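4 protein chains.
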Amino acid sequence: MKILTLLGSTRKNGNSEFLAKKIVEGTDHTIVSIAETHIEPITDKRHTEEGFSPVGDDYEELVELMQTHDIFLFATPLYWYGMSGPMKNFFDRWSQYMRDERFNLKEEFKKKKAYVVITGGKDAKIKGLPLVQQFSYVFDFVGMEFEDYIIGKGVKPEEVKEDKLALEKAGMWNERFRR
Amino acid sequence: MKILTLLGSTRKNGNSEFLAKKIVEGTDHTIVSIAETHIEPITDKRHTEEGFSPVGDDYEELVELMQTHDIFLFATPLYWYGMSGPMKNFFDRWSQYMRDERFNLKEEFKKKKAYVVITGGKDAKIKGLPLVQQFSYVFDFVGMEFEDYIIGKGVKPEEVKEDKLALEKAGMWNERFRR
Amino acid sequence: MKILTLLGSTRKNGNSEFLAKKIVEGTDHTIVSIAETHIEPITDKRHTEEGFSPVGDDYEELVELMQTHDIFLFATPLYWYGMSGPMKNFFDRWSQYMRDERFNLKEEFKKKKAYVVITGGKDAKIKGLPLVQQFSYVFDFVGMEFEDYIIGKGVKPEEVKEDKLALEKAGMWNERFRR
Amino acid sequence: MKILTLLGSTRKNGNSEFLAKKIVEGTDHTIVSIAETHIEPITDKRHTEEGFSPVGDDYEELVELMQTHDIFLFATPLYWYGMSGPMKNFFDRWSQYMRDERFNLKEEFKKKKAYVVITGGKDAKIKGLPLVQQFSYVFDFVGMEFEDYIIGKGVKPEEVKEDKLALEKAGMWNERFRR
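Chains as they are written, first to last, in UniProt numbering: chain A, 1 to 179; chain B, 1 to 179; chain C, 1 to 179; chain D, 1 to 179.
Chain A with its partners taken away, still in its complex shape (with noise of 0.2 Å):
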């Protein structure tokens, strides 16, 4: 069992990092900074003739680790109340990557579960959850299987280490995996 952790922040050792590294700890993990990565956004050609065009930036190595891993675990900040643009990036890109010939997502996303880690301000558990709900969608069109959150409260760096809550989910999950 292999967890893919994608990373959503565009600051090193943030509130969202913290809670991800602790829960692959131990683990067989990959983790992908996904702002440290060159993903371009997508350009819709769904309805074109040609279709998608290659694109000659980092995805398919990000294709290949996900049809590698078994778990994905989405670890962003709340930037303005949704995942960061990076990691929104990385999300569009999936309408190509579903269609392209060469490799079997479609198929493969059925087989993964996936985990959330949402950090941000005291208002974050409530005014996260459309992005919870986002998530939710998402997976859902894809037949992944949304296993879990956590909203963490973490703004300031090592913040988080406060939320006694969410390390203790944290921990639980690591337990999981770890067995």
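Calculated from the structure, these hints are not laboratory results.
Only a predicted model underlies this, so the values are computations on that prediction, with no experimental measurement involved.
Any given hint might turn out to be false.
In this list, chains with the same sequence are indistinguishable; a pair is considered to hold if it fits within one copy or across any two.
Quick list of in silico lysine-lysine cross-link-like pairs, DSBU-like style, CA-CA up to 30 Å [said to hold, decoys possible]:
hint, residue 1, residue 2
1, K164, K106
2, K153, K122
3, K153, K125
4, K156, K45
5, K110, K122
6, K161, K21
7, K125, K156
8, K21, K164
9, K161, K125
10, K45, K2
11, K153, K112
12, K164, K112
Place chains B, C and D on chain A using the hints.
Below, chains B, C and D alone, put in the same frame as chain A:
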């Protein structure tokens, strides 16, 4: 009364663009296709000593436009149940420019009015609701009035032309803006 | 095609009722004001050996109506950001009657189509969205098609008559139902 | 610091009640099972000349309790993706008593803190979110602090005892309340 239309689509002449153009037709307006501008994702430096660094992209031109227009019309297709990645990067950068003392965005935003157009498939009128809620939280946060939204049905090119109610509402907004 | 209109308001001639009547005008329909019927809250006996007990209220007449109509139109004012209490009690009792072998509600529901009318203040078009989502989950659960919804602006008597768009949409539904 | 626990379930010793009791154990508190009180649905008279009429039910005792307690704990099973009907009727009547000059609910509410417990099936942690949002709008409207919420997994009797995280969170709240 000047309208700034910000298009989120990565396709030319799509459904959200069609509605947006109908809405601003005959008014004093500017249309920007975000995906055609060069906008870097934010690099979160809110918690660093040095603060945000200047970015050599097109964002300052957009700041200028935001300052000189009264109404913002955000038009995006529903990509994975959210706004498009390029539009998300546009919002993320607000965190930088609302702190930039050369501009006065924080005060300016309180005087603006926001309108939102979302287009998507049959289920967008339900599964687009988290996005509407996200927009609502965003506008609340900056003190901008969220005037109204349209969720239009349109995925294939020109499809939204069949959505009579979306057209009707677009027409009403247009009438209001022309007065 | 017969329409069953279920009114949730506890006030006669309110805004949601006004829209609902406009929608069914000239069609084959039945209107029930839930608050004027005698409906007991559910007593949850799903996990008891004896199961649900008969209740001597008006509910079975409503079951009869649900079975003999094709379209359900739920019209409720937004009370505390939800449907009215009497309408909620109406739904809660589904848990009882979907298990009642004298009826065939479980199978019947899958053939029905649902429409929703909500009326409230200026912010209802945002703060009524959780209610729309709740309705959506309800209809999904029972396999009923959720055709569409209207969120009209109207609190004071007759106020919704100023909401041109709500009237327009009500008119479109009416036209569809009259065909 | 006195806690008023309002139970929404129509079943004795259910999962939401179990969590609620764990939360208030050893504190100065009052527990009311709403379904066991006599509460009439509201009759909306906001727009009549004569205003609301006195209702000969148990509501005034609840008003008294609301005035004399500092923290409100609302505990409800997820019935059809919302609070139970009896709890909804309880909230609907706020519209009446916040206008009743014999009481001072409007001012009192601003000093209270609210906690919410919801229990339901596996999907409650997603499909219970509109209810969390509804509670949030309710508390915002009356100026009450929405401190936190638990969505526990439990449908069959005693099932929530397996939801370690819900128990943990309940325990944390209890600790906080005992201080």
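Results of checking the hints against the structure:
Taking the closest pair of Cα atoms, K164 and K106 never come within 30 Å of each other, the shortest separation being 37 Å inside a single copy and 34 Å across copies. In this homomeric assembly, K153 and K122 come within 30 Å of each other (Cα to Cα) both inside a single copy, at 6 Å, and across copies, at 24 Å. In this assembly of identical chains, the alpha carbons of K153 and K125 lie at most 30 Å apart whether taken from the same copy (8 Å) or from different copies (18 Å). With identical chains, the CA atoms of K156 and K45 are at most 30 Å apart between copies only, with a shortest distance of 11 Å across copies and 40 Å within one.
In this assembly of identical chains, K110 and K122 lie within 30 Å of each other by CA distance solely across copies; the values are 19 Å between and 34 Å within a copy. Taking the closest pair of Cα atoms, K161 and K21 come within 30 Å of each other both inside a single copy (13 Å) and across two copies (29 Å). In the homo-oligomer, the alpha carbons of K125 and K156 lie at most 30 Å apart both inside one protomer (16 Å) and across protomers (27 Å), since each shortest distance falls under that limit. Within a single copy, K21 and K164 get their C-alpha atoms as close as 16 Å, and across copies as close as 22 Å, so both meet the 30 Å cut-off.
For a Cα distance limit of 30 Å, the shortest separation of K161 from K125 qualifies both inside one copy, at 16 Å, and across copies, at 24 Å. In the homo-oligomer, the alpha carbons of K45 and K2 never lie at most 30 Å apart, since the shortest distance is 33 Å inside one protomer and 32 Å across protomers. Proximity of K153 and K112 under a CA criterion of 30 Å is satisfied in both settings, with 27 Å inside one chain copy and 23 Å between copies. Taking the shortest alpha-carbon separations for K164 and K112, both the intra-copy value of 28 Å and the inter-copy value of 24 Å come in at or below 30 Å.
When held up to the earlier numbered hints, the structure conflicts with 1, 10 and fits the remainder.
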